[in-house]
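Number of protein chains: 2
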Amino acid sequence: MEADLIKRLIEICGSDHVLHSPEAIELYSRCTIPWSRTCGAVVLPENVDQVSRIVRLCNEFRMPVWTFSRGHNWGYGTVLALQEGALIVILERMNRIHGVDEELCYAIIEPGVSQGHFNEYLKNRGSHLWIDCTDSSPDGSLIGNALDKGTGYSPYGDHFGHLCGMEVVLANGEIITTGGVSEQCPTRYTYKWGVGPFVDGLFAQSNLGLVTKAGLWLMPKPEAFEMFAFRVPDPENLAPVIDAHREMGLRRIVSNCHGFNEFLAVARTFGYPSHLLGGKQSLSEKDIEQLAVEQGLAPWTFVGGVYGSSRQVKAHKAEIAKYLSSLGELVFIGDTSEKLLNSIVRGVRKPGLQGALYKGLKSISHLFVSRLSAEMMGSLLSLYPFLKGEPNESILALAYFKNKEQQPKQNLDPARDECGLIWFAPILPARGNEIQSFVQNIKQVCAGNQFETAVSLIQVNPRTFLVLVPLFFSKKTSEETERAQRTYDQLCELLKTHHYQQYRCTTPQMERLLECNPSYQHLIKQIKQALDPNQVIAPGRYGV
Amino acid sequence: MEADLIKRLIEICGSDHVLHSPEAIELYSRCTIPWSRTCGAVVLPENVDQVSRIVRLCNEFRMPVWTFSRGHNWGYGTVLALQEGALIVILERMNRIHGVDEELCYAIIEPGVSQGHFNEYLKNRGSHLWIDCTDSSPDGSLIGNALDKGTGYSPYGDHFGHLCGMEVVLANGEIITTGGVSEQCPTRYTYKWGVGPFVDGLFAQSNLGLVTKAGLWLMPKPEAFEMFAFRVPDPENLAPVIDAHREMGLRRIVSNCHGFNEFLAVARTFGYPSHLLGGKQSLSEKDIEQLAVEQGLAPWTFVGGVYGSSRQVKAHKAEIAKYLSSLGELVFIGDTSEKLLNSIVRGVRKPGLQGALYKGLKSISHLFVSRLSAEMMGSLLSLYPFLKGEPNESILALAYFKNKEQQPKQNLDPARDECGLIWFAPILPARGNEIQSFVQNIKQVCAGNQFETAVSLIQVNPRTFLVLVPLFFSKKTSEETERAQRTYDQLCELLKTHHYQQYRCTTPQMERLLECNPSYQHLIKQIKQALDPNQVIAPGRYGV
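Residue numbers (our numbering), protein chains in the order written: chain A, 545 to 1088; chain B, 545 to 1088.
Next comes chain A alone, as it looks inside the complex (with noise of 0.2 Å):
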């Protein structure tokens, strides 16, 4: 990068923030999916002032910004920009929160405030306030995931839809907020389509605008609150479950619950089972199914929350009751059963104890428990926290599913690693027969490339899920890496040929984004010609 342009940022951001070493380039350079771009610098501006003086920097010099809030964005393509040499701004010391209105529910924070740190804060200040968080790592931005449209686990859990008053630089530098109001106004961050065009949207998944501070709607603690957790142990009813909670979503039962297949839970729980391998390159179905025996597990689990005052959570469990009994097996966990569950599956780790407490609670509680392994048990209840806000890293374990022997005690960072990572997140309508014939054609084209297909289905609203696989591979042999390239690739061409949307794409696909609705693509490009007449933010974001 220029010198010159390096000098000036210096003057702007000081030289602590402004990383051009070769070591800087290297390490905000990787990333875990079969790509590579690497960075020109990255700049950690401190505050509003600071990012608008690069953006009118940036014009001055013709230098693409790559934007992004804080945290890692891995499987999608990390913070890496589109071009070659792009500067990457980082706006993780923006981490004020300006204030916490616990009588409108409500926060005004910055991009730099991470989803770990702003629950630790409520909890911290006796806050009736809880957050939804996604299960990705603590570390990562709630503007950042809720500007990508990001997805949590309870009725607070679509992101952008819970934000409400933006202030966000423009290209040409300078400074708004949004809602067409003035910036006194008492409900910028209570009315979100605030008088006028709304125009927050333009913010989301694009390149108009850096966010720079929003307001983020969060939920009063409720009275009660219990998990529920659902076995489907015949595969053939996936689709009325998947029915079953359109139906239980559009009546405001239940919210963004999460499915996942045994393979997911497999891959959330222990290193890569190579050992059953016996010389092929991945694992049969027969492999599979001999593994969840094993481990308790049934084709399909699904987990929710049950929020509300107790008298509304007992009615909330009898509708739930009814629509998921006849399909499997229903069991909920409150608080108390929680840490009894938790404190035994502890306790099987104890060499000594050597599983009888377990298998005694086996013998006496309900069946959904009894089956699982005390491993399982503990995977699926680390699940419970998110759903009440509170992050933790055991997704991550996720990243390192085939390369476990890397996985380090702390700080874990799978790019680093070597971990390969790619998410395909296409989206549905939520027909419990469309979503499970596509997740059959998905299975057809991984097994055809010789990979197990772990997935996730989110219940993003009620008429809509998220279907979400992981594609595991290592980076370290070149051969399953481009396996891996072809497999998304694939996967890609068959969401195309059902013409389902994408959820979040990774960063090489976004060019080709746009593609299908080109007169679309035409509004937004003179929307963007408009605002960045220079094509300084983010060129090509979201086909943008």
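Possibly wrong hints are sitting among the right ones.
Copies of the same chain look alike in the list, so a pair counts if it works inside one copy or between any two.
[Stated by the list, open to error] Dumping the calculated DSS-like pairs for lysine-lysine here, alpha-carbon to alpha-carbon at most 30 Å:
(1) K667 with K866
(2) K757 with K1040
(3) K883 with K667
(4) K765 with K858
(5) K883 with K948
No lab work stands behind these hints: they were computed from the structure.
Knowing the structure of chain A, use the given hints to seat chain B on it.
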């Protein structure tokens, strides 16, 4: 209007659908607010292709078009443009229903589909889906109201929030579909945010395009439904009642509740009680209190719906009682009691029965019912269908409040009948004290101008209330009309002092709307300039 333009419009839409006779101009240039514009002509296209051709033509002729779905927009400015002599495009002939998905619970409709027609359509086809309606005329457009960020009575009351997937004609005549996905994408109408930037918001309260088709989410008919009605006898309790509604909204017990004061109830039910004036220009607080006592009205009444399974409704009713019982008198009305009460109310009106039936009811029934006069009970019951998505004309009586003698039995048209009505529509955070004190301020302004104050408080989301104030006057006397205008101006000044935003604003007010946020206004201007360089579509609408 230029004869050549008229000729070309007729070529596109046929002579029956281009209205430019003096009678037609007069008919369409009426409105109920103290303001006047004369339109140049009215054109009624039948399909999206005609809309596109009209827009291209207007670019050629540099003719501004003011766009309107269908219905009336009484009290905000009817169909009239900011510009004298503009072409008015009304989409009422585009009234096709392109599909109803009973499983995923949405419909695809054109802007000419009215709420009354669509409700009947669903009933006639035995659909299990309910619309959310406004309390405005059944003739109003569902899409038009949603694009104006209208609000209803049920959990689907955020109308813009329940639009999903649009077809739009841009100012250059291009027809686009939103969502960033292909036209065949199966989640176009189920997943609102699409992929890439979310642009649908650009077409709400704006002039950046004409929406010609959209998806609308519908509520599955609940197993159980009841209306709650709540009297607040002590006006000092308004603040805690609002706070209770905030809590109930946040905890998803109720949504989109409506409160109203005693004078609004009077205006919905009777003509203006001028016999009480005794030479004064307006009624005193004491007069209104006396009137309320006669009719059994409390200072404030709130209503809302309880929806769900029998179990959910039971739980929610218990919660509502928990939050409200100590603050006033609460009653629940279901289908059976609604029918009974209605038949009794009708019975009372029959000569001969002399209210015996109603009095009988009074002596045996709930306190709440026993207090209200039969007329007021009838008026309250007329809200019941709204909660189930069934619109009726009852609210139109409001517009005739000061011109009761002119109100026809059928074919109500307040603009034709010289009724004066302006809506003042500020939006406030859901804090009881703040709303109570602002209502006091409103009352002072109205009283200072010899007007009584009628107020609705509508919970547009858990955190926010719309404070809706109709100003009634007779357009027959210029003194009263001027006084109404002065009152409205003073109310708008009051709103500015508090930095409150408007929910919707009257057309003449639009031009100065975005002055409070110049950098935002600049952004909107840049987008408008890029998409509509000739300023053809509705220039000035909502400050754009």
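To see whether the hints hold, each was checked on the structure:
Taking the shortest Cα distances, K667 and K866 sit within 30 Å of each other only across copies (27 Å), while inside one copy they are farther apart (35 Å). In this assembly of identical chains, the alpha carbons of K757 and K1040 lie at most 30 Å apart only when taken from different copies (24 Å versus 36 Å within one copy). Within a single copy, K883 and K667 get their C-alpha atoms as close as 19 Å, which meets the 30 Å cut-off; across copies the closest is 50 Å, which misses it. Taking the shortest alpha-carbon separations for K765 and K858, both the intra-copy value of 17 Å and the inter-copy value of 22 Å come in at or below 30 Å.
In the homo-oligomer, the alpha carbons of K883 and K948 lie at most 30 Å apart inside one protomer (28 Å), although the nearest pairing across protomers, at 68 Å, exceeds that limit.
Of the numbered hints stated above, none is contradicted by the structure.
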